[in-house]
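Top to bottom, those sequences are chains A and B. The numbering of the first sequence is the numbering used here, which starts it at 1 and goes up by one. The numbering of the second sequence is the numbering used here, which starts it at 1 and goes up by one.
To be clear, the hints were calculated from the coordinates, so they are not data collected in a lab. Cβ coordinates follow ideal geometry from the N, Cα and C atoms, glycine included. Please note that the accuracy of each hint is not assured.
[Unchecked claim] Which bits of chain A does chain B cover? Going by a derived footprint, with three or more residues having C-beta under 8 Å, they are: (1) 25-36; (2) 43-57; (3) 62-72; (4) 77-90.
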Amino acid sequence: MTIAIAVAVLAAAGTWLVTRGGGTRLILGFILLAHAVNLIIIAAGGAFRREAPIVSDTLDPATTADPLPQAFVLTAIVITFGVTVYLLALVARTESDSTTHLGEPDDPEAAVNRP
Amino acid sequence: MNGSLLPLFFALPLLAAVAVLVVNNRNFSRTVALLVPAGVAVAATAAVAATADGGVLVTQVAGWPGGFAIPYVADLFSSLMLVVSAVLVFASMVFAFATNQDESRWFVPMALIMTAGVYGAYLTADLFNLFVMVEVALLPSYVLFSLRGDRSSLRSARLYLIVNLTASTIFLAGLGAIYGSAGTVNLAGLAGAGAVPVIGFAMAVILIALAVKAAVVPAHNWLPATYPYASPAVTALFSGLLTKIGVYALVRSITLVYEPGSTVTVVVIVVTLASMVVGVLGALGEGTVRGVLSFHMISQVGYILVGLVLAGALGVAAVVFYLIHHTVVKTSLFLSGGAVEHQRGTGTISRLGGVANEHRWVTLAFFLAAISLTGLPPFSGFWAKLGVLQAAIGSANYLVFAVALVVSVGTLMSMLKLGTGVFWGRDPNTAEPDAPATPWRASIVLPGMALALVSLAIGLYPEPLLELAGTAGDSLTDPSTYVEQVLTR
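Chain A extracted, bound-state conformation (with noise of 0.2 Å):
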């Protein structure tokens, strides 16, 4: 339950910031977002399940968790990384430098299509 709330939470904040666009926000966002997602994979592994996955003549299925949707999160994390610092390359060069807005977009179309 308690990941289910995280998830909620980390997914609701990730979307309404996402959407709020504009450099920083669109970056923290799906850096949310991608929490959320990753909380998920988790989940589905079972989070009652916390032992260490090394094979010994001691492990209990019933106890240990289940280290596949780990390396799934593993290999998320790096992927998700990886573009969304991309993606914070390319908000830099296509807006140009925002301190003095303190974050609002410059172009004013951006600022028209803002609620």
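Assemble the complex: chain A is given as a structure, and chain B must be docked to it using the hints.
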């Protein structure tokens, strides 16, 4: 062809990309960039020959037992897609070199890595590996998109990245849901599992992500807003490779996971018919050559996918045939249109005209492909559309039949618009006497012409491909061999 060679389709282009980066010599990179797709085409033809009887090539990576390993699998459908992709990568590379696309030392390595991801996506039978392969194809595509470096192309690169990142995020969420509900992400292990409501729903999340990547209505708007802003060679590569991964994965997962007649059928019919209509209407309203062609892709994706839910194996065979035909013809059109754009320096229809007087071969190449796209004999497009119409009649779905026919008229109209605007009439720029006429290089026209002739050849002699598509359709509708081979070998 042995199954254990399959990972090479992924590994070789990747290693070649590294070699090109290390050597950093233009002639070397050009040679490698042409040799690799040529080699892949030959190897993939061998794979087609090995699977033409409906057989399946499997290799379980690292020797884990089937069901646990991450398998590379080639059945007839994926082998055919490999051949087509390799051929059009070759043609696009020739065009890219003719337009000096490789001025940037990043072009060839990035394009090679992208093809590695595409081949990998065609060969994987594991949903998570599919995600990884798609990302391997997408990451270099972001770089290729922004190679031009001007503001408008960077802006569309940003939009393109945002759309794909969103789709990938949705895909991962669906993947988690699938693993949680089915306990496996192996496609063969999920065969028929769509009948279980939870798994069917989880799979639908993945289908949404794939539909975004394939630019199916209502997730289509990103495509015409981005593709025309990359350089012509890059658009040609993207059109033949990237959206096609989405289409391929949709075909593969819908046929494997869902039973015929499930709720997905209705959804597929609705979105494909909407794609056909919206795409062709959008094409009529566009003002640039590649803008028109991009909207056509949306319309054609509708034609490709509608067969999935019509008349069983007959419909799926139509899907396979249409997908191959479309990939060839669309890339040909993007190459010929791109050649015009490169020579004239603009793709805006109102500022173009009279290309037919200037270069008759590029005009011929464009019109051969355009007629094929419209679906007139004796081109491959005729057999492709005939297949869809037959499948529509076979399942007594006259709505699909009518829409497919009417939309063809729209396709013809928008092609006439390109004809009168770009190729016939007078060049509006001839008033400027100081505009120097750049000579046309043969290598800029040849790739588009070659692909148009491939379409003509298929149209004149369709039996072999129709037969292969039929076999592929059969094994997609009855995936028992695929499942058995992937899980037990």
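* Output the numbers, in ascending order, of every earlier hint that fails for this structure. => Checked against the structure, no hint fails, so every one of them is satisfied.
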